[in-house]
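As a plain string of letters, each chain reads:
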Amino acid sequence: MSETTAIFAPLNNVNDESILVVEIRHKDGDFVSKDAVLLVAETSKATFEIPAPRDGYVRYLAKVQQDVPIGEPLCLLAESAEQVLQAALPATKDAGQAGADFPPTAVPQPVPARQEMAAEATVKTAGASAGRRLSKRAWELLKQHGVDAAAIAGTGLIRGDEVRRRLGMAATDQPEGKSSTSAAPAVDSPVAANVVEGVARHEQKLPHSKRTEISILATARTSAITSQVSTLVPCQRIFELCSRETEFSGEMSSRIIFEISRLLRRFPMLNAGYRAGHIVYYDEINIGYAIDVDHGLKVPVFPHADEMTLEKIHEYKRDLLEKYLRNTLSLDHLARGTFTMTDLSAQDGWIFNPIINKGQAAILGVTGEQQLAAGQFAFGLVLAFDHRLTDGLAASRFLAELKRRLIAHEALLLRRMGVADDGTREPYCEECLQPVSEIKRRRNHLFKTVTADGRERLVCSVCAGGY
Amino acid sequence: MAKPQSLVNPANHESANGISRAFSGDQGSNETLLDQIGRAAIEKAFLIRRVEQTFLQLFSEGRLFGTVHTCIGQELIGVAVAQALRTDDWIFSNHRCHGHFIAKTDLVEGLIAEVMGKETGVCGGWGGSQHLCARRFFSNGVQGGIVPVAAGLALAEKLRGTENIAVVFIGEGTLGEGVIYEASNVAARWSLPLLIVLENNHYSQSTPQEETIAGDIAARFAALNIQCLDTNGWDARGLFQTMREAVEYVRGQKRPAFVRVETYRLMAHSKGDDDRDPQEVRNYWEKDLLETFHKNSPCPAEAILTAVDVRVQQAVAAGLVSPYAQVRPEQSPDSCDLKPVRWHTAPVESKERMGQAIGDCFARRMEMDERIVMLGEDIRSPYGGAFKATRGLSDKFPERVRNMPISEAAIVGIGNGLALNGMRPVCEIMFGDFLTLACDQIINHASKFPRMYNGQVQVPLIIRTPMGGGRGYGPTHSQSLEKHFLGLPQTWVLALHERIHPATIYDRLFDMIDRLTLVIENKLMYARRLSPEVPDGFVLEHSDEPFPTTRLRPGGQADVTVVCYGGNLPLVEEAVLRAFDEHEIIGEIICPTRLYPMNAAPMLESVLRTGRLVVVEEGHGFAAWGAELIARLCEACPGVPAKVVRCAMPAHPIPSSGPLEKALLPNPNSILENIRGICARV
Ligand SMILES: Cc1ncc(C[n+]2csc(CCOP(=O)(O)OP(=O)(O)O)c2C)c(N)n1
Chain C
22 MSETTAIFAP LNNVNDESIL VVEIRHKDGD FVSKDAVLLV AETSKATFEI
72 PAPRDGYVRY LAKVQQDVPI GEPLCLLAES AEQVLQAALP ATKDAGQAGA
122 DFPPTAVPQP VPARQEMAAE ATVKTAGASA GRRLSKRAWE LLKQHGVDAA
172 AIAGTGLIRG DEVRRRLGMA ATDQPEGKSS TSAAPAVDSP VAANVVEGVA
222 RHEQKLPHSK RTEISILATA RTSAITSQVS TLVPCQRIFE LCSRETEFSG
272 EMSSRIIFEI SRLLRRFPML NAGYRAGHIV YYDEINIGYA IDVDHGLKVP
322 VFPHADEMTL EKIHEYKRDL LEKYLRNTLS LDHLARGTFT MTDLSAQDGW
372 IFNPIINKGQ AAILGVTGEQ QLAAGQFAFG LVLAFDHRLT DGLAASRFLA
422 ELKRRLIAHE ALLLRRMGVA DDGTREPYCE ECLQPVSEIK RRRNHLFKTV
472 TADGRERLVC SVCAGGY
Chain P
576 MAKPQSLVNP ANHESANGIS RAFSGDQGSN ETLLDQIGRA AIEKAFLIRR
626 VEQTFLQLFS EGRLFGTVHT CIGQELIGVA VAQALRTDDW IFSNHRCHGH
676 FIAKTDLVEG LIAEVMGKET GVCGGWGGSQ HLCARRFFSN GVQGGIVPVA
726 AGLALAEKLR GTENIAVVFI GEGTLGEGVI YEASNVAARW SLPLLIVLEN
776 NHYSQSTPQE ETIAGDIAAR FAALNIQCLD TNGWDARGLF QTMREAVEYV
826 RGQKRPAFVR VETYRLMAHS KGDDDRDPQE VRNYWEKDLL ETFHKNSPCP
876 AEAILTAVDV RVQQAVAAGL VSPYAQVRPE QSPDSCDLKP VRWHTAPVES
926 KERMGQAIGD CFARRMEMDE RIVMLGEDIR SPYGGAFKAT RGLSDKFPER
976 VRNMPISEAA IVGIGNGLAL NGMRPVCEIM FGDFLTLACD QIINHASKFP
1026 RMYNGQVQVP LIIRTPMGGG RGYGPTHSQS LEKHFLGLPQ TWVLALHERI
1076 HPATIYDRLF DMIDRLTLVI ENKLMYARRL SPEVPDGFVL EHSDEPFPTT
1126 RLRPGGQADV TVVCYGGNLP LVEEAVLRAF DEHEIIGEII CPTRLYPMNA
1176 APMLESVLRT GRLVVVEEGH GFAAWGAELI ARLCEACPGV PAKVVRCAMP
1226 AHPIPSSGPL EKALLPNPNS ILENIRGICA RV
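As you go down the protein sequences, you meet chains C and P in turn.
Per my numbering, the very first residue in the first sequence carries number 22; after that it's consecutive.
Per my numbering, the very first residue in the second sequence carries number 576; after that it's consecutive.
Quick caveat, the hints were computed from the structure, so don't treat them as lab data.
Just so you know, even glycine gets a beta-carbon here, dropped at the ideal spot from N, CA and C.
Treat the hints with caution; some may be incorrect.
[Unchecked claim] Short, incomplete list of chain C residues facing chain P, as computed with Cβ under 7 Å: (1) 46; (2) 48; (3) 107; (4) 110; (5) 111; (6) 153; (7) 154; (8) 158; (9) 177.
[As the list claims (entries may be wrong)] Computed footprint of chain C on chain P; a stretch qualifies when at least three of its residues, placed anywhere within it, have a C-beta under 8 Å from a C-beta of chain C: (10) 691-699; (11) 1128-1138; (12) 1154-1160.
Using the sequences provided together with the hints, build the complete structure.
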């Protein structure tokens, strides 16, 4: 037993291509006895301990928090400390295949309970997997070169190409399956990174389970994996009411920006980016506000919106709008957004599909108000989000909370406009929507008029044309 | 056999197609209705009438949505039947069911709210006027199919040895539905406590009976040796008396009976569709017993009506303010989602033959669970089913393994009734091709009951059937028709294959069944042995889903994902092995057990690695399972898979000729060609 023994990353879960080292139990050069735990690793399913297969001195080849591909060496064991520290690095366990440890070392798995099978209700890998298979081409090559099949190590499916490689020949054979450019998308390549530059941030590795989910859902086409949730906010045409009164104009939208920026502190995963299996939390909340009023779509940003007062937001928004209309928005106005709101409240859009901006985790869409039934109105909130960073549950909680707050804002605004809590409204001008108290305050009058088709209609003296 | 005295002897029953002697029924004219049937019955009848008149009123005001069929003029029939019943007896009624419902359950408020579509309705607004359920009362709006279901309710009571009976109401127009005779035949043969009440109002929607019904109505049932009785809706005493006798007979003799009640519907078929001669209708209004009572005894009638009106108006008011039904969270639809699975190496299974393994599992489960009942054609000993899966079972459980006539609708219908009444029926359809004859039971009954009755019932019904060709049985005995049964709400569709022990599937199913489950077995599979050797170079894995997906994972980076189910697995395996041996293409095989609801995650996970997908299925490919799978994958990950090919039966019937059949059904050669094709394409 003077040899060095390498311990490889085992395949505990066939979905995984690597394991994550979470704990190392000894120092390099330490003596460990057989069955003592060498290190603790994590798969997408569970953490598990890797025991020493024999007595010996240890040297680790992997570090804590390192992702080690299946079949790569984790550590070495040898007769003496010197030997282990000087030993040459071993090759990957089976250089031939990616899913190298084949057949997998079976972790006992729950087997479907069945009374009659109780006697043999353990996993026997032998019945489930067996050895290896050589293609016809591989056999021919072996025969051609007079090599015994036993000389070819490894398990699984072995192509002619592999035989050539092992015999030290150049791989000329192109198996049919490999002839085309691989159709499988590169799931988690750096290309898929999605981070805003120039923003203070900190980074944290996503849990293993989330990374597995990403690899299932990722597509080659989009860097974000978009999902969306939406909700209806019952209202009394608050956007409409606001828009009719200069005093209130744009109020509701400002309040939405105000609330979003506060809420995002509680939902940091919606104010984040993604890079190579990591969630990048932005330490600033910069709300982009999509504007498109015939001058093209622009998304100017409210920097540090969560530190702005409502008045400040409102003011800043007017300012941005003005700049937008004058075409004087600078690049700086448009940079560093970490979350976006797109506001269709003035339009008739009902269901739409907001597109998440680059580097961001989510976008909130606000739809136009719709009449649901006589006297019942609602507007919609749509949150599109990157499923890699969060999930529908968190997204709907965010929406639910936002909805609750907006209903409160609306009530407040309505009170200021003269609409009572129970939805009844003091008489108002059906033209300009001013409540009678307000009309009176301005020393105008509210008239009951009769339209050409005999309908009664309340109109204030101003709207009635300078009566 | 002792017959109740006044029963009409089926042998000399008079012809009853026209308006018969029953219509002269003014016997006991000296007595008032009160003397004849008592105050409670009159109150009920008026209650029913007022509720339905209110419905028509609400419709005319535009305050109701949908439709109703009123029984105005026929109310006393339901009252007479309900009075004769015990609480634990069952009623299954049809579209014209409000009267029967109120008579049995008295749930006026729940009915009104239901018809209004409100949450407080007896079925939470899901059922509406024709689909009611409460207190052992059901109704369904498809004519005829309810009769075998009622027979199933009765069979469950018989098997449990209770005295409870089941009643089913039909109209004479429904005599045209064949399933009535399938069910009646079985009810008579098996002596089921089933009372069939025919309300003969002489019109089927608009069609007078004379145009569509031949021969003698009662003679149809008499020929099956079912006791027939005759009564009418203008002789209240006789009506109530006959119903009591009929119920007593069914309960006491444990035999089915048939009662024909002559009657007349005073209002339109549903809301305003009435083409009958107005004079004819007026004449019947004049004969109407409730009208006459009101005229002749205004004093008690007014008192009754006042009380009834108060109740109805209160119920309407309550209904109007109660909230409209909404989908509640627990009523989530079947989700066809992407639920990641975990894999484990498949256990070593025994090498039994598949058919034997299925039968053994049933024997063990029937031993454990007295609720399991097997129905099918030729399933008893010594034959044991066309494919022998039930061989020997009837020797052990003679009461619970029952040979059925060639009546697929009744097999599944009776299974439905058994399931509704707490049993665990397993129906065998001899060839999957014949499932078409049970479509109505599957689609309009079993899969509907749970949700349209607002979760008050479950239908734990298993239908097993062999599908597939390869035996030269030709166009009507070789098909794979499962695609027609995919996607029905509240159902599961499973397909067995030989790399999972059938007991794994059936045990799991018996443990967790709460809905109609269609299990596709493959014809060729029964004789094969379980668990063929796993080919070298592959690992056999099962997922952790309740009904596992099987994966044959190659030892090497797969180039292509091949998905199949059921009987196609061995063909696909052969093709994949040849693809490697001969062409060095590495394929990964995914074979789910549960076809619906579909979990596409195992396929998606594989396709994300390979980018290529071959879907193999034996049935016609158009709008089939494979198409749905591909759609799901595209929805989940646009562009994945990048390349897809389907390998299915082209749109021909399946030919009988061996070579022709072989050429058309998916086979290792055609699958291999598809694999090569998709791997060659750039
Ligand atoms: C299988 C089926 N076919 C057609 C209909 C449409 N339909 C509903 S009621 C009805 C007439 C039924 O007549 P009958 O059985 O005499 O009962 P009645 O309406 O006279 O009470 C028809 C054709 C249906 N509900 N179900």
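*Which of the listed hints are not met by the structure?*
Violated: hints 1, 2, 3, 4, 5 and 10.
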